[in-house]
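Can you build the whole structure from these sequences, using the hints too?
Respectively, the protein sequence lines represent chains H and Y.
Sequential numbering of the first sequence, starting at 1, is according to the numbering used here.
Sequential numbering of the second sequence, starting at 620, is according to the numbering used here.
For the record, the hints were derived by calculation from the structure and aren't laboratory data.
Even for Gly, the Cβ is constructed at its ideal location relative to N, Cα and C.
No false leads were mixed into what you were given.
Which bits of chain H does chain Y cover? Going by a derived footprint, with three or more residues having C-beta under 8 Å, they are:
1. 225-232
2. 236-250
3. 590-604
Protein chains: 2
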Amino acid sequence: MPSDIEIAQESDIKPISDVAAELGLLPEEIEFFGPYKAKVKLEVLNRLADVPDGKYIDVTAITPTPLGEGKTTTTVGLSQALGAHLGYKVITAIRQPSQGPTFGIKGGAAGGGYSQVIPMEDFNLHLTGDIHAITAAHNLVAAAIDVRMLHESQATDEQMFERLMPKNKHGKRSFGRGLVGRLKRLGIDKTDPDDLTPEERRKLCRLDIDPATITWRRVLDTSDRFLRGVTVGRGPNETGHERETGFDITVASEIMAVLALTTGLADMRERFGKIVIGLDKAGNAVSCDDLGVAGAMTVLMRDAIKPNLMQTLEGTPVFVHAGPFANIAHGNSSILADKIGLKLADFVVTESGFGADMGMEKFFDIKCRYSGLVPNVVVLVATVRALKMHGGGPKVVAGKPLDTAYIQENLELLRAGMPNLLHHIQSARKFGIPVVVAVNSFATDTEAELELIRKMSIEEGGAVDAVVSRHWEFGGQGAVDLAKAVVKASELPSQFQFLYPLEWPIKQKIETIAREIYGADGVDYSELAEQRIEEYTRLGFDKLPMCMAKTHLSLSHDATLKGVPKGFRIPIRDVRASVGAGFIYPLLGEMSTMPGLPTRPAFYDVDLDLETGRVTGLF
Amino acid sequence: MPSDIEIAQESDIKPISDVAAELGLLPEEIEFFGPYKAKVKLEVLNRLADVPDGKYIDVTAITPTPLGEGKTTTTVGLSQALGAHLGYKVITAIRQPSQGPTFGIKGGAAGGGYSQVIPMEDFNLHLTGDIHAITAAHNLVAAAIDVRMLHESQATDEQMFERLMPKNKHGKRSFGRGLVGRLKRLGIDKTDPDDLTPEERRKLCRLDIDPATITWRRVLDTSDRFLRGVTVGRGPNETGHERETGFDITVASEIMAVLALTTGLADMRERFGKIVIGLDKAGNAVSCDDLGVAGAMTVLMRDAIKPNLMQTLEGTPVFVHAGPFANIAHGNSSILADKIGLKLADFVVTESGFGADMGMEKFFDIKCRYSGLVPNVVVLVATVRALKMHGGGPKVVAGKPLDTAYIQENLELLRAGMPNLLHHIQSARKFGIPVVVAVNSFATDTEAELELIRKMSIEEGGAVDAVVSRHWEFGGQGAVDLAKAVVKASELPSQFQFLYPLEWPIKQKIETIAREIYGADGVDYSELAEQRIEEYTRLGFDKLPMCMAKTHLSLSHDATLKGVPKGFRIPIRDVRASVGAGFIYPLLGEMSTMPGLPTRPAFYDVDLDLETGRVTGLF
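Shown next, in the form of structure tokens:
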């Protein structure tokens, strides 16, 4: 079989204007970015406000091997089957990948084989600049924090007052837009700065940020491990103000999580304003509104908020929008793309990051909670390979050849691994959603193996169906049976419910997820975690949903525990808050938020064919 | 008069497809980025190869006050006059501004009043992502450098060999694309890695970079002074490999200079490969080709190389492409935009950064040398205000009210300042190009003052004409007389010549510019500068043109010396090389390559009107 990039570059591709027209988008509702990408304006939601929503399908997976089990490929293949073979109007809604790892060790994120989003080079690099906009907005906040601390350290209250509210040429002062947020927070309702008392001036002008509490780092969309920890302020004019901090990869930014969870421009503006960057020396939260920077962030993100339209290899429409981390964030594409999609299509097929214990739980309890959308079907992707691993098969390591256990029939190993799949089916059912198991089939799988998965999924797991799918090799045609099963399941009534109510205390929410979804016996908190929970409760952030930052390689917090681990307790090392995005994220281990490059990075193979202008060597 | 953003947002704007069609671009030659921006494909150069070039006009200025003398506004106003009032086909070619300072203290860079490029929000923010692409490409190189040093420090020669050229599944090794450049440099012409001698393996696999010689920093398009100096590698897994470095603003990247000077994809690929990031421990240059990263850089920049099409307030076409620094780089927009423009239009009006001693000299000796294009006219922008300053007027400070000397008639002060203008006219004439002086007129200028400038420019300076222009207030209509003078001057024969030949030694080139253009008595070199000149000569970089990194606020190296300073010698503090871009840049002082934010940053005023979606407070 040809490589992914060969398949993608040889495919027939439609002008994106045709894809948009087929979807029923009006010409004035789209903005082109080259011939094969477009942004869709949010105004379409007003035009279609009265149209009933289509069916909402979430694609998730069992606990994967480090190789991944083909979730995006299945999402795309299923969509191709629904749209190009069964004649439904369908929209695929997936995340935009981070560009940095593309040049390191990671493969593309556009699906694979004959189930891909194209052009894959555009999908994997730059796209329409949304991630670049996040880099700009995020680092503007970081620059504002450090420079504000420097300026406050060098000025009296009166000097700060003079500089922040200078007299205009008529000798008049005004608060200006940048101070509106802070005035409101402080409960000062005066309109003339000259009426402020000295104490009010001090409060308004001096943020008094405690450097030790700053959680806002800087970001770059480059895999640069030397930026994980940096000392900033080493220039001669910043001497005495050096500070230890670091860079995360841009998709780990809270701004990315906001982009994914926002429901519109006004909501995004409000969320940016609420982002907490640290505390002041009295222990109060300091927000982007306090810094006066949330308006500029919104301006930088005003195009990024519009979903990006692309297409599959079979010409069905794809929304690519937002790509938050699946551990420290919720790992799901944007609410706005799904909302628009559900107005335009019979089916929206979206994907949740990592396994069902991570991405799906957050899809329901965070994304659907903020969107108000009701999902209809969960498609749970499983592979013979991963199930054998859960049954006790040898370790699967990326870049190493697979053990023969994985490429020869072994029903015993497979049966021993099935509980992982059954557990995830049960988890989905706890939310009241019917489950269709999609067995992403490889050439080495045997009929008996595939049949075993099917039978046990339905009979023991309670899946409404379980279907073998061969979309990688055959495109949409290979997923027609899966698509038919999904259509059927979508006609069942949805009895969707959240796992926990927001009013519960932080610990009760954490423990419910740990017990119900991970199968843990309980939760242990570090001293730091206890302190944070107390602090967030004091600051009023305890009514947010939980976004567990856990490994995806095990149902437990320990990546080496496969199958369905029993008799373990979840340790909470730290608890952090993304107040603007709207969740608390308890940390169950070390989460790397900045990848590195290997000795032989993927960029070694990448070049431009100067004759054809084509990208070569990208996967 | 309304503010710039009000004028811009209230203007009638044409779909960019109309602007492109009026220019004679074919639909398949443009790529849309929203309704008002498009990229122009380089293929248009093939189609129009046999069309004769239009006239090539460079807009430059006298030595400015810190407020700037309206060079971009004049460039746009002149274009509007030529295109919208005199009926010529005209293209304005200007630089893309850096986004970072937009949120600090800087005003917009889209012109002003009734001579602007629109939409000004798009012009000033993101545009089509070219600067973001540079950030990505630049920082990929930085990540590659640090991680390569780390990996080399932890591996034997054999391990490096194994990792860089692993056996494939057939047990066969290959060099792969990433090692091609280095093989060539080392003069190894073997095709099978297993045939390499141990010494060749070591040479090929070990770059042996000397950390003390690394000149490649990181970049961000954010004004973040705390990044001027940083220690990287402070994470626990990089302990022992910490390194002092820093960030520049993205437009200071050598990649930006390459973008501005390249003549096509193959040339850009080659220049990226030649970029020198530092030396190895034996004193050899280490290039991006040695790192194997130049192909990926080219892929990241494959869209950025296409010029961006926008429009003026009067609907004439504008190319916005590349924005290199005007001190450490050459400060001119791209060669490719000018080349395409000259095929499509009767006139290309382009702008050089800073005053004529800086931007214009580099336009001729660097940009025109690499492009092979022959300029026809220099438009030299002067203001009564700046000339009075040169005549000994009080200090002009941004943000402070102007002294009355500048707003009342004062012919004596003005006459005393005229030598600065006359000097710049003479400089342009040394290159064989006719000069038209454009007096950018303010409401407070008197007729007698304007007439004095006109008369002396022609009679004493030898300008072919000198015209008062009021394009800020009246748009193109206000610049019709200027446009007519430019048309007339463009009909004179061009006797264009460079100031120096490339074969001269580095010092002779520097001294020629210092004496002929700055009026210096001579040049003094620091010990460091002497060392660098010796080193660059040894490495074969001495045949490059010189790009002087000097203040723009004086003809000399000392910003406080106004008028035409005499009896001074130019000190060369350091000499650096942008080998990929293709110039040596001697440093005549400290050049800040990363701006900071003031206590009350411009972002304080910026927000999005949530009703209309319009940007507010941006200038």
